[in-house]
Amino acid sequence: MTAMTESDPITLEIIQNSLQAISDEMFAAFRKTAMSAIIYEVLDMGTAITDAEGNLASSGAGIPAFVGVLDKAVKRIIELNGEPGEIARGDIFATNDPFYGGVTHLNDVVLAMPVFAGDELVAWTANIAHWNDVGGMVPGSISNEAHEIFQEGLRLPGVKLIAGGVPIKSVMEIMKCNSRLPDFLQGDMWAGIAAARVGERRILDLVGKYGLATFVAALSHFMDYGEQVARRALEGLPKGTFSLEEEQDSGAVYRVTVEITDDEFIVDLRDNPDQDYGPNNASRDGSLVAAQMVFMNIMGSHGSANGGHFRPLTLLTRPGSVFDPNPPAAFAVYYEVEIRLYDLIWRCLAPYLGERLPSGSFASICGTFIGGPHPDTGRHFTIVEPQVGGWGASGAADGNSAMFSGFHGDTFNCPAEVAETRYGLYVDRLALNDAPGGEGEHRGGKGIVVEYRVRSNGCFFTCAYTRNKHKPWALDGGREGSPNYAEVVRTDGTVEEFAVVTALEVNEGDVIRIHTGHGGGYGDPKLRPREQVLEDLRNGFTTDEQARAVYGLEEPAA
Amino acid sequence: MPDAPATIRAATDVGGTFTDLVYFFVDPDTGVQEIVTAKSDTTPPDFEQGVLNVIAKSGVAVDEIAFLAHGTTVVINALTERKGVKTALITTEGFRDSLEIARGNRPDYFNLHYEKPVPFVPRYLRREIPGRITHEGRERQALDLSGLPGIIDHFRKEQVEAVAICLLHAYADPAHEQAVFERVTELWPEVSVVASHQITREWREYERTSTAVLSAYVQPVAERYLGRLADGVRDGGFGGQLYIMQSNCGVDSVEKTKEIPITMVESGPASGFWGAAELGRLIGEPNVLALDIGGTTAKCSLIEGGQVKIISDYWIERSRASAGYPIMVPVVDLVEIGNGGGSIAWVDDFGKLHVGPQSAGALPGPAAYGRGGTLPTTTDANLALGRINQDYFCGGEIEADMVAVERSLGELADKLGVDHADAARGVVRIANNNMINALKLISLNRGHDPRDFTLVAFGGGGGMHAVALASELGIRKVVVPRAADVFSAWGMLMSDLRRDYFVTRLLGLKAGNADALDAVVDDVTDVAVAQFAREGISRDQVRFRRYGNLRYENQEHGVEVLLPDGPIDADAIGRIAETFHEAYEREYTYRLDAPVEFVGTHLVAIAEVGKLTPVPLPATGRELEAAVKGERSVDYATEGIHVATVYDGALLEPGMRLEGPAIIETTGSTVVVHPDNTLKVDTYGNLIIELDLIIDERRAP
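Protein chains in written order, with our numbering: chain U, 9 to 566; chain B, 15 to 715.
So here's chain B without its partners, still in its complex pose:
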């Protein structure tokens, strides 16, 4: 069916080096959904120029783009490279040091030389004002703004560019924060200001203060960026809707994003995980472990019942070596490890092999790039084992320097006292094990059994490792999406306008509190409805999902359960309690006969904004043999060396089936199909790999 002209949906992604464009359109003659990609240089500081350049380069007519989704690393880069603005903080009297005291933890606990994260606002720019709200949201001490003019003069003199406000218990009642916000804006209209309640309504003052501070720190940078981008594409002739990818797996308008740009902080991984959730829905796989293996990291997330898990317990720069910095914004729950194609393999002083987290990056890159890299990477090991085609490296764009590969692996092998092949197998096995542990963290440590999930693997390295990981975890089915290397862009185009609201309000879960509980949920729903209304989206266009965060009285960590639709009355309270007991027991193996507390609510509000509708890939009736490129010897590490049939991924089409051992090659990725695997191509062109079930039976509890 030919579509109207302006139906092209495009996604742009501004990376450190390249700005990518992916667009999808339905060919009016064939009905085929075509995917076109283009790449051009990123152009700092005028990033919008790079976006316009890549649009021009792709050949797409700007005025035919109906929906343009934009993902950017501008926020996370400004944070990690410390390229935000000079920021000051206004807080409650007695609490200016909260930001520096933080939580006092030291994850690297045997290290006496631990370095505590340095606060983003130094002490002299942290100022206090009197006034107290209680935990119940009552005023205990009136707000005294008489000192504010002096504080603002001080900030001006210090050339502060952004002011964060965070007052105690503002999550319960933001009145004092609002008053400070308004007065600061009056006194100093030019400065960028953000108050904690605008971002989050959850308790814990250090986390909320950190959130407000980091948000203020990046706000001017991100606002300028978004403003120039919107103006730039409009001046370039774009007349469609521009949406910005968010960390909660949704997109949002430019205007809304400009208000609180820190919500973009993890937008990069979010789009891929959303893609995995949408793909799961499309192909009837509601429970998905999503794995994105890139050049320097691997990231994973868990999707249950078609829903991504959005949390507000998010930290940057947190690791076994550092406490990091909290940001209380809705972020997809993910685990990231320093383990990608470019991760360097090394041997420690005691002869133990490690892979990552150091990466060879793009320069020098893996030894195989022939750009002076001498250290072996996961990619080099995959080449040496014949898993990656040395004659079709990077889609044939780079000639693999196999001499450098063998040299780098040789040094590793000498240190380990094994031969080259064993060293290469070791690298792949350790890399796989690192990723298995990441997948365990996101599943087992959250109370889920990975055997109940389908593994959806994407990114450049997803298909290379997916089957080995699945088999270790007892997962029966692996899906490698069509165009796995641009899957994040696909996810962006599948996104809805989505907003997540978290509100803390401690209430006993009992019939007598039904009205209060109903009011909490209603109030936040009203806030959401009002926000959508301002953008011309009516209530009936918005879908809501309401969660309660529940726990046994006196516990700390809650379990999120879906609340029933409709008003929350005494009857609903009983059903909520039963849902909680069941969810708790499922996750922790026991339940208690103890009172239950409602800690707060999490509201998800979703409006559809014309996302892509995937269409089946037409089958031409091509024979499978036509897709065969040849065969080669492939080392499957623990499963031995086998002669694998090599297929051209571009020539596979729906309905085709093949057996492992096999290798599927496309320009952007390689899929390794193990012996005894069965692969079939589904109607959308995705590769569905079924694993031998012996593994699962052996591990049955």
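Chain U on its own, in the form it takes in the complex:
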């Protein structure tokens, strides 16, 4: 036998690398087998491994906003299934309900599998993905009109889906029966189950090879390392209390106070509005995820996060508020609330943290839902997609153009050629947005304009964009970015404009034109080097008039 039992640092490191590799393998397996485009293309999904208590040990690729979700879900599943023997080898649990560990909204279904070495629970593998339809009052389950979670679809309260390796038929049939797209649901569910099982097998390989004690030591060591990284980053931050209040497009005012001490990073959200009557709420766990993301950004981390990183972080909320609502609050549009909170904390700290944080970006998921009969096949199609937009400039560089929001990571847009085939729409245009905004010594990145031409009657359009009235914010004398919005151009030429709309009827020939914003600028535009202004002019990123008026260009354009 060559298996090592001693916990030398290299062995621990190798186990940690292996956990990362397992998370990535689960991710690859999930992505390849998922049925819904939002999973395999947009990668609205995540995978993770936790220790036996549900502390995050390793997370796969995907989207950062899901990184801190799975540990919270596993912890709640452990709480909810606390009877002896209730959690057993081969089980898989499902939750999607923020009141039962689901963190986000009912469309995001978490599958979690305990990993037993012999009789001992040693870890969990878990994944989350956006399922296209889990029932509720509208196709796609996400409605701006919902005011109770009961209207948003089937609630899975941390229940067992597979017992000892055997699917529980009754649960699965209830789930399928509650979806408008049962085939998709089934395909996505099995993709998640397969991914969780792959993770289980690999973890058992690791435990078999290095021994249980070493495996457990490696997890604990890795989290201690995460904590060290976080504490080192804290050392470099200015200490004090920082506050910001910001009016939202809805008129609500959100407030944050961040206190940074030598060993703590406290985000206080207690002074915030009561929970929303509609679906604009973020669960307490979801609010914590937003704070964790800013914390990771500030640390400048390039690696993956684990539970240790977040030990210095404390979140204070008020039950009954928009960031910690009570039942039966609705959550469908949680993501816009959560990204507003993320942007708020970021904006609160940016002026004090030097180069660490750039100007504000378009900072909306720009969740876009279009559905109806496919003109070629007659079958129902649904688009559920976020949009790309402009990112803010920093003291060092212009902002990136046409990227998904900070909530997304290795997320891919849908090619026009694929969209036209799959959805039966025409994509008439996909271009960088030429609206003014985001000017600065370093300019904000550009948003986009995309036009979908509807090809059949009786289709619907739903969206809920923020950063519409209140535009992406700038730093150090730069200009604000531009707004996110959608237009519907009817066949008679009339144009309707929306930031939020639910199930608007659109028919053959109508064009849905989506505009996403530019990021905020950084620094006085008059300080932008002249050759860069001329280059922007040549590329059509600014006009003659803007170049003179905003950038103060005096020489004639070439």
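FYI, nobody ran anything at the bench for these hints, they're computed from the structure. Be careful, since some hints might not be right.
Claimed, not checked - Think about it this way: if two alpha-carbon atoms lie no more than 20 Å apart in a straight line, the pair counts; the simulated SDA-like pairs of lysine to any residue are:
1) B:K53 / B:Y604
2) B:K130 / U:E235
3) U:K168 / U:M180
4) B:K366 / U:R240
5) B:K643 / B:E679
6) B:K130 / U:R387
7) U:K184 / B:D607
8) B:K366 / U:Q28
9) B:K366 / U:P17
10) B:K130 / U:G308
11) B:K130 / U:F420
12) U:K177 / B:D607
13) B:K429 / U:E363
14) B:K429 / U:H229
15) B:K366 / U:A225
16) B:K366 / U:E235
17) B:K524 / U:T429
18) U:K184 / B:A608
19) B:K366 / U:K168
20) B:K100 / U:E543
21) B:K366 / U:H229
22) U:K184 / B:Y604
23) B:K130 / U:E543
24) B:K130 / U:R364
25) B:K130 / B:G338
26) B:K524 / U:R387
27) B:K130 / U:Q540
28) B:K323 / B:T593
29) B:K130 / U:A439
30) B:K366 / U:T429
31) B:K429 / U:R240
32) B:K429 / U:P17
33) U:K177 / B:A608
34) B:K366 / U:H310
35) B:K366 / U:D16
36) B:K171 / U:E543
From a predicted model like this one, the values you see are computed outputs, not experimental measurements.
Could you slot chain B onto chain U? The hints should help.
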């Protein structure tokens, strides 16, 4: 058997510093297949001169070379060093920004200072023309070329040297692209032009546009290079066939390569992987994990059933830190990591040890080179552990500076708080772990169990690490090929003329679509046959393998399955579906009772062009003891320190067997044989190492 005079097969490889030549000939007196290598300086910009120089230096008579295969990094270098030409793009109205919008992804997802890859064509050189084709290949809006003269005038004024054309849905019907191509060529005959359909017939407009743009960007550079090379060797007296190594593990003619030179982009690694596949066939190992460990990187690929996996989902400069740039050309599926002999070991702020991706390169190189390198590399750690012979470093060409080695490792050890030996062991273990993860990516993450494969390891560092990696992965057998250090050249000489065609055509997999499906496969076969015919290769000289890319309806990622021979009829459709369900379940553990879609086809067309026939290495009956150089103490990291017998690899011959712990040394590489390993030399001189099977049993599921 004496061969006719012109039977020498040679391979040249133009690298950044050196141009290498390897040639093989059968000694008419002894029947032994001799391998001769030579090296001379690379001579930019007249690279053909370096090739002629190295031929002259090798002493081979140019007119005796029958088959000359050429591998070059000219394309990948022009891309990564941004040394292509000023390129412009013509695209569909409304889509000029597709190249800059790209896919919007940010792999380094906690980093708010991520830098999105800059497009190879700036916005002012991206121009649009009206006209639309639908996804079904119908014309929806007529093409309007009236603006083209103005666009071309603009490009001329801007001194553009190459024009890429990519229109929406040109994969479904290239008529509009062809029309634009012809008109551009009429208006501006001197400019280099490429249209996306000439390279790929697959969907996804950003990827196809990027492919056309990057192809145009390198086209003039590569065309000049290939032209001068062909003329140069011909003027130098070469009368045989000149072939260019491609990224799909085949070779192709100079003329065909000049049309779409971007197909050479990954030709470097491809030849080695092809070599591994051919070697597998030769020795009866159809399932191979191929690993090439060089100075700065390690690359691996998976060969199943004797077939290399060729994909068109290829990206350059893609990593955890960058989205990179897609190139939709047939490329061998590989994983590459920054982990080779020259990779630098370092300790981060939190006391964690890392190896790579920074490399000490050739200068200063590892500390052991004594050229001023102070940072420890994997090579230095291998020297310190006695795995590499300090008295026979680089085949005795360099005197290992052990003082510098100990100094560099000492600093590392201090930071880690361990002794020198533990630091060196740590470096080797972390380097091995990095490579294990790369091997997992190419196997486990693609749905294969590495225990079902044989590890073929080559490159300068392959034999050094192979056994340790195999044992971690539960692999029972390791093969280190004869002349492992020039194995890529061997692969090149074993290559066939090979072309891969990928075509997207979405069809439900049902009996009613049998004719349509058959037509898709037939059409692409006809294209291939016509191309070969133009080069004087008849249909019966070409072997075809036809794959279908299948998925459950509404999924995105397909599974490639081999299509049955003969016409595709209703009966064949049923068999294809069953093959798909089986392949899918094997890979993903479940199958669905759901409709299946045919997304497209992948056609492989292969013609043999007189490749090398390996012959057994004669055995002289030499005793094993004659190959023993001595013994030394070797640190096997996790397996402890053992006294290993050291063998001269050049003196090993077929039929010999030996037991580990042992070290095999040749001029170009070192093979580390662990305790409990058994090594035998096969009839071709390859080293076959059998591992202790305890590991495998322990890891059995």
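Satisfaction of hint between A608 of chain B and K177 of chain U, Cα-Cα up to 20 Å: Distance ~18 Å between K177 of chain U and A608 of chain B Cα, so the pair holds.
Distance restraint between K171 of chain B and E543 of chain U, which requires alpha-carbon spacing of 20 Å or less: 17 Å, holds
Straight-line alpha-carbon gap K366 of chain B to D16 of chain U, limit 20 Å: 12 Å, holds
20 Å Cα cutoff - pair K366 of chain B, K168 of chain U: Distance of about 40 Å is beyond 20 Å: violated.
Proposed proximity, Y604 of chain B with K53 of chain B (alpha carbon, max 20 Å): Given that 20 Å is the threshold and the Cα spacing comes to 53 Å, the pair is violated.
Pair hint K366 of chain B and E235 of chain U, alpha-carbon separation not exceeding 20 Å: OK: K366 of chain B and E235 of chain U at ~14 Å, within 20 Å.
20 Å limit on alpha-carbon distance, applied to hinted pair K366 of chain B and R240 of chain U: 15 Å, holds
20 Å Cα cutoff - pair K643 of chain B, E679 of chain B: 9 Å, holds
Hinted pair K177 of chain U and D607 of chain B, Cα distance within 20 Å: Within the cut-off at roughly 16 Å; holds.
Pairwise hint evaluation, F420 of chain U against K130 of chain B, where the allowed Cα distance is 20 Å at most: 14 Å, holds
Holds or violated: K184 of chain U to Y604 of chain B, with C-alpha atoms at most 20 Å apart: 18 Å, holds
Given pair status - Q28 of chain U, K366 of chain B, alpha carbons within 20 Å: Judged against 20 Å, a Cα distance of about 16 Å means the pair holds.
Of the numbered hints stated above, those contradicted by the structure are hints 1, 2, 6, 13, 19 and 30, listed in ascending order.
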